[in-house]
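Participant: Below, each chain spelled out in residue letters.
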Amino acid sequence: MADANEANEGVRRRDFIHVAALSTAGVGAAASALPLVSQMAPSADVLAESTTDVDVSAIEAGQSIKTVFRKQPLFVKRLTPEEIAEANEVDVADLRDQESLTDRLGEGNEDILVTMGVCTHLGCVPLGAAEGENKGEYGGYFCPCHGSHYDTAGRIRKGPAPTNLVVPDFAFTSESVIRVG
Amino acid sequence: MSFAWAKPYEPQTGFTKWIDEKLPLPRLVYNAVGAGYPVPRNLNYMWNFGVLAGFCLMIQIVTGVILAMHYAANTEVAFATTEHIMRNVNSGWLMRYAHANGASFFFIVIYLHIFRGLFYSSYKAPREMIWLLGVVIFLLMMATAFMGYVLPWGQMSFWGAKVITGLFGAIPLVGESLQVWLVGGFAPDNAALNRFFSLHFLLPFVIAGVVILHIWALHIPGSSNPTGIEVKQESDTVPFHPYYTAKDGFGLGIFLLAFTFMVFFLPNMLGHPDNYIEANPLSTPALIVPEWYFLPFYAILRAFTDDLTIPFTGIVLIQAKLLGVIAMFGSILLWFFLPWLDKSPVRSGHYRPMFKKFFWFGFIPCMIALFIAGGAPAEQPYVLLSQIATAYYFLHFLVILPIVSQIEVPKPLPYSITESVLGSDDAAPGKTASSGAKGADDIGSLQPAE
Ligand code: HEM
Ligand code: FES
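Residue numbers (this note's numbering), protein chains in the order written: chain A, 1 to 181; chain B, 1 to 450.
Here chain A stands alone, though its shape is the one from the complex (with noise of 0.2 Å):
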């Protein structure tokens, strides 16, 4: 009996060195695969957080602009009555994407619609912000890349995108200038 546990024990404590070693070299090639992997996310210049003021008391009713946000097109419409009129006649719960144009527009906010020009289908800038571009179906905007329609609050009404433009965070810092960021 006792010869035989001291087998055992030499073999347990090879095994020992052997499990240990193992481990330690696993956990050292994963701590080293962790940096190969993050230098691909976003750098710090990147990510450094920006906003962007948009000035809107230029822009007229059913006209919008297009600026820059984050390196992405930012669409910034002042809506006409119509407009608003069209977006409330619609049951929101018909929609893919269900939110209604004042979920959209944010408290106090009448006709300011902002959204990012990026179609939530694969990223497409949608027609429709400029004067005499195709604004689909739905009188919003449209994305002639896989033929995604958006309605005049920007919510995705027919095509292959899953969701809304997005609505960027935004706050109006004075009577005719919005924050984006």
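In case anyone wonders, no lab produced these hints; they're calculated from the structure.
Nothing false has been slipped in among the hints.
Below, simulated EDC-like cross-link-like pairs (lysine to aspartate or glutamate); rule was C-alpha separation at most 20 Å, straight line:
{"#": "1", "chain 1": "B", "residue 1": "K356", "chain 2": "B", "residue 2": "D342"}
{"#": "2", "chain 1": "A", "residue 1": "K71", "chain 2": "A", "residue 2": "D55"}
{"#": "3", "chain 1": "A", "residue 1": "K135", "chain 2": "B", "residue 2": "E379"}
{"#": "4", "chain 1": "A", "residue 1": "K158", "chain 2": "A", "residue 2": "E86"}
{"#": "5", "chain 1": "B", "residue 1": "K343", "chain 2": "B", "residue 2": "E408"}
{"#": "6", "chain 1": "A", "residue 1": "K158", "chain 2": "B", "residue 2": "D306"}
{"#": "7", "chain 1": "A", "residue 1": "K135", "chain 2": "A", "residue 2": "E89"}
{"#": "8", "chain 1": "B", "residue 1": "K357", "chain 2": "B", "residue 2": "D342"}
{"#": "9", "chain 1": "A", "residue 1": "K158", "chain 2": "A", "residue 2": "E99"}
{"#": "10", "chain 1": "A", "residue 1": "K71", "chain 2": "B", "residue 2": "D189"}
{"#": "11", "chain 1": "A", "residue 1": "K71", "chain 2": "A", "residue 2": "D45"}
{"#": "12", "chain 1": "A", "residue 1": "K71", "chain 2": "B", "residue 2": "E176"}
{"#": "13", "chain 1": "B", "residue 1": "K232", "chain 2": "B", "residue 2": "D426"}
{"#": "14", "chain 1": "A", "residue 1": "K158", "chain 2": "A", "residue 2": "E89"}
{"#": "15", "chain 1": "B", "residue 1": "K356", "chain 2": "B", "residue 2": "E408"}
{"#": "16", "chain 1": "B", "residue 1": "K411", "chain 2": "B", "residue 2": "D342"}
{"#": "17", "chain 1": "A", "residue 1": "K66", "chain 2": "A", "residue 2": "D53"}
{"#": "18", "chain 1": "A", "residue 1": "K158", "chain 2": "B", "residue 2": "E379"}
{"#": "19", "chain 1": "A", "residue 1": "K71", "chain 2": "B", "residue 2": "E76"}
{"#": "20", "chain 1": "A", "residue 1": "K71", "chain 2": "B", "residue 2": "E278"}
Chain A is already provided as a structure; the job is to place chain B with the ligands on it using the hints.
Facilitator: Coordinates of chain B with the ligands only, in the frame set by chain A:
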């Protein structure tokens, strides 16, 4: 590894003997593409495209390394350095046109190579591994070509990159973070351009490595052939050199005529004019189309316009965007299962009457429809066309092929390759197993194996 009658390598001079002992590379070449590799005697021109694909890879590597000497991967200057290559660098225009058209020709060649495999069922045992490695090569090629197209930083470069990296955003939960991680920002920018350049430089060499495995796997059973029956005897084969080096050389000549014609006379025909406009993240081109060789897969991506919902409840199971992405990747990943989906014991389409009809009148028109729909705007009737063709595509591989392969009655096969070529199995000159008589006339060095 090879057939028993393969001619062994015998170094003739003192120097080649010395090399053979230290590093038997000449022996490897001799047994792989020389007189020491017996190949079925009945291969037709569809068997040229493997060698041509290897040649295309070399064109891409040579012209690509040269382009990289003059190109700079920075969004500020990438477009300008590409134009610098075109206008200032000596022969730069030739290198760039050869590289851009080389990519197109690479895909033409690889598509014909794949269609050969599909028609003659080259993917069946014992050649499954060759096929699987081929699918890996094709996926790597697609990634390489996609990233290469981004490098000139034109409008199509930018928007192609945006749309394709946007695909990853469709993946539930992790999609958006994955997408940001892949491009290193919220939209493709300098970080993306740089990493694409790095990977575009690297991947062709990875492809070269997988090609070596592909050929290694090929040399275990040897090539299949248009009858699809296996080699039985020496009279079924001829040595690779000089027979197929000559045939491949002739094919290469034809290929080069077509290739140089495109490079010199129609260098921009397969490209898109919008890519001569510098990338503008604020303006999407009216119609984003990928390079022609991606059109069928792009059509499959766009075929899904409605979410998959539980009927009458409106509960979305899978969003249209994700469905399209799954179908697009699935359409290629499907090929990995082909050796097991097609259960027919007969390989060659020539002896499979029912399969042959579905191949020519179902599958080929379906691929043509996908090509057309992929290049058209996302409007009717093209959306419907892409939907029908996508449905048929999956039906063909997942339903038609497995069923047809089990119910069809194949035509009688010839006894041997020799019989199919010469009319009778006994007709080959010097048919007895140990003889090498057929090589004796013009290639004096050909000796019997033993
Ligand atoms: C599998 C092989 C390869 C394929 C399919 C491929 C494909 C492509 C494509 C489609 C382009 C865009 C051409 C254009 O629009 O002008 C491109 C550009 C480029 N490729 Fe490749 N390539 C391959 C191998 C390589 C290699 C091995 C290198 C370098 C080591 C390289 C370096 C470049 C460079 C510097 C550019 C940018 C210049 C330009 O756009 O003309 N490529 N590649
Ligand atoms: S990117 Fe807008 S519809 Fe596809």
